[in-house]
Amino acid sequence: MLNRYIVLLNGNVATSDIDKTIADIENAGGKVTHRFSAMKGFVAMIPEPHLRVLQDSRNTAGSMINRIEPDSVVRIDS
Numbered sequence: 001m002l003n004r005y006i007v008l009l010n011g012n013v014a015t016s017d018i019d020k021t022i023a024d025i026e027n028a029g030g031k032v033t034h035r036f037s038a039m040k041g042f043v044a045m046i047p048e049p050h051l052r053v054l055q056d057s058r059n060t061a062g063s064m065i066n067r068i069e070p071d072s073v074v075r076i077d078s
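Residue numbering for the sequence shown follows the working numbering, starting at 1 and increasing by one per position.
A hint or two may mislead.
To be verified - FRET-style restraints, in silico, Cβ to Cβ:
1. T15 with S78: 33 to 41 Å
2. V32 with S78: 30 to 38 Å
3. N59 with T33: 23 to 31 Å
4. K20 with S78: 38 to 46 Å
5. K20 with R52: 29 to 37 Å
6. P70 with G11: 16 to 24 Å
7. D77 with T15: 35 to 43 Å
By construction, these hints were calculated from the structure, which means they are not laboratory data.
Positions of the beta carbon are idealized from the N, C-alpha and C atoms, including for glycine.
Sequences are here, hints too, so could you generate the full structure?
Here you go:
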């Protein structure tokens, strides 16, 4: 199953490393739907097995991944 996630990366990550991470997601059957320009990161539909790979890599020393959060709609009631 594909779920949509926001993946935020550390500020010192090289563009080539971001491109490789995106290619890995797409090769695993996922799809990047938006790439941020103001910060390093993207929104992607990520298959569950590959999501676990990304989460595991986030927990290693020197990981380029800062956060992985489910994408959702946020509303403010006035």
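Hint check:
| no. | hint | result |
| --- | --- | --- |
| 1 | T15 with S78: 33 to 41 Å | 40 Å, holds |
| 2 | V32 with S78: 30 to 38 Å | 33 Å, holds |
| 3 | N59 with T33: 23 to 31 Å | 25 Å, holds |
| 4 | K20 with S78: 38 to 46 Å | 43 Å, holds |
| 5 | K20 with R52: 29 to 37 Å | 18 Å, violated |
| 6 | P70 with G11: 16 to 24 Å | 23 Å, holds |
| 7 | D77 with T15: 35 to 43 Å | 39 Å, holds |
In this structure, the one hint that does not hold is number 5.
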